[in-house]
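Novice: Chain residues, written in single-letter form:
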Amino acid sequence: MERDEPKLIERYTPNERTNHWITAICFVLLALSGLAMFHPAMSPLYAVLGGGQWTRILHPFIGVVMFISFLILVLRFWHHNYLDRDDVQWLRQIDDVLANREDRLPEVGRYNGGQKLLFFVMVICLVLLLLSGIVIWRRYFSMYFPIGLIRLAAVVHAATAAVLIIGIIFHVYAGLWVKGSVGAMLRGTVTWGWAKKHHARWFRESIK
Amino acid sequence: MALQSLDILRLSATTTPPPGVREPAAGDVAKLIDVTKCIGCKACQTACMEWNDLRDEIGFNVGVYDNPLDLTEHSWTVMRFAEYENPDGNLEWLIRKDGCMHCAEPGCLKACPAPGAIVQYTNGIVDFHEENCIGCGYCITGCPFNIPRLSKTDHRVYKCTLCSDRVAVGQEPACVKTCPTGAIVFGTKDDMKHHAEERIVDLKERGFQNAGLYDPAGVGGTHVMYVLHHADRPSLYHGLPDNPRISPMVQVWKGIAKPIALAGMALAAIGAFFHYVRNGPNVVTAEDEAAARDEARRIRGEPEERDDGTR
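Each protein sequence line maps, in turn, to chains C and Y.
Each residue of the first sequence is one higher than the one before, counting from 1 in the numbering used here.
Each residue of the second sequence is one higher than the one before, counting from 209 in the numbering used here.
Keep in mind that the hints were calculated from the coordinates and are not lab data.
Just so it is clear, CB atoms sit at the ideal spot from N, CA and C, and this is done for glycine as well.
Some hints here could point you the wrong way.
Estimated spans, in silico, between C-beta atoms of each pair [what the hints assert, rightly or not]:
{"#": "1", "chain 1": "C", "residue 1": "Leu-186", "chain 2": "Y", "residue 2": "Arg-263", "range": "57 to 63 Å"}
{"#": "2", "chain 1": "C", "residue 1": "Val-172", "chain 2": "Y", "residue 2": "Arg-230", "range": "45 to 51 Å"}
{"#": "3", "chain 1": "C", "residue 1": "Phe-120", "chain 2": "Y", "residue 2": "Ile-266", "range": "54 to 60 Å"}
{"#": "4", "chain 1": "C", "residue 1": "Leu-186", "chain 2": "Y", "residue 2": "Gly-447", "range": "25 to 31 Å"}
{"#": "5", "chain 1": "C", "residue 1": "Leu-75", "chain 2": "Y", "residue 2": "Glu-503", "range": "30 to 36 Å"}
{"#": "6", "chain 1": "C", "residue 1": "Gly-51", "chain 2": "Y", "residue 2": "Pro-489", "range": "38 to 44 Å"}
{"#": "7", "chain 1": "Y", "residue 1": "Glu-265", "chain 2": "C", "residue 2": "Leu-186", "range": "53 to 59 Å"}
Whole structure, please, built from the sequences with the hints as guidance.
Specialist: What follows is the structure, given as structure tokens:
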């Protein structure tokens, strides 16, 4: 056995990776075009989807694609994301997490407490974004709703999108910070060392 | 509609001051609609169609005088006919010329996300520049008077311009010019308020104790004002809002939410960056890999591998 070539475990199948990246690409397009409409300081981002009218046309359709893609992702990963006592303890020790002192943390399964928490935050955000987005989709749906609800939906859509964007900033950063994570989602595999270090319980179950 | 202009007070979705060096020396303008003088002839609707070259689809009579039944992208003003039975048991036919009120605090402009699609001139006129409109309909969400109409053909919103093109060259709006009873007058806002006062004195003498001017403070006043016989109950006039204001939802959405959300995103990104700078990446080392191999061997019950550097 070649000692300097670490052994690999598959963490994400090709279908899971494709599913994730479709969602991610949609998210980036939606976040950029949505920010253009949200704040005048971001209005140069109208160019991302080809100007104001095209942004207004495309943004909701991309949103529907993201929701469907995310829904499939949720159905795939839902059962991995139940929070347990160890996850609560993990979250309590967030200062150890941030200081890279993983040896002091309870052993983590397939996902850690932070990932599980973010998972459910995203689930709530996506549901709210879909519902409010339909109400403010002027071209096809707004005429079916009273003006008070449209105004509420506009606030909900903006606020929820802000929470989601902030959540995704943490999600992306966590991937860049914990080396080997981006590779897991791009190539599908992690090394045994990565699995044991970050997800010891999942590692033991996986190599049996 | 757009004119080359140096007299812009506010520009939608724009954070820097628009060109506003030119201000009307006589003050801002207003159109005064004296509902008590209106006979419902719809000459104003016709004049609006003619000046603006607008022709709405011919619809169907549904049993009321309102024609067309509602504002559309082609009908920027519509006479609203309301039948009101007063406490004396007499019928009052309240006829109100509906259209954009040209608010001093325009909800449409506040809600608009397209830079330069809605302007407010220094003379008070609120105008849509349709070439910049993206068709999102947020102005409809923001408007307290339910005025803007989105075209299903070109996906841009339209409404009364207060004939900004005529006013810019010193003419009164087309509806004012044509009104046969003098129910619609136009001038500086001060003059129109003064004129309204005289009318209100007259109406009170004739028994309309609650006659008054409709210039709602909730939207900072309007540049289209009404003289009403029942100013205490504007909603009698086909649902004219009693206390119009920009909805608190729209205020939050287009106010405090914007800096808070952007600050939150910036803080998250900056925080993440400095976490990396201070704590560095979380890296898997060669020892981690070796430990993982050892544990795997234990779990699988494989024999220990000698760790003396030989293979």
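Novice: Does each hint fit the structure? Answer for all of them.
Specialist: Each hint, compared with the structure:
1. C:Leu-186 with Y:Arg-263: 57 to 63 Å: The hinted range 57 to 63 Å holds for Leu-186 of chain C and Arg-263 of chain Y, with Cβ atoms some 59 Å apart.
2. C:Val-172 with Y:Arg-230: 45 to 51 Å: Once the Cβ atoms are compared, 49 Å apart, the range 45 to 51 Å for Arg-230 of chain Y and Val-172 of chain C holds.
3. C:Phe-120 with Y:Ile-266: 54 to 60 Å: 56 Å, holds
4. C:Leu-186 with Y:Gly-447: 25 to 31 Å: 58 Å, violated
5. C:Leu-75 with Y:Glu-503: 30 to 36 Å: 32 Å, holds
6. C:Gly-51 with Y:Pro-489: 38 to 44 Å: 39 Å, holds
7. Y:Glu-265 with C:Leu-186: 53 to 59 Å: The hint (53 to 59 Å, Cβ to Cβ) holds, given that Glu-265 of chain Y and Leu-186 of chain C are roughly 56 Å apart.
Checked against the numbered hints given earlier, this structure breaks only hint 4.
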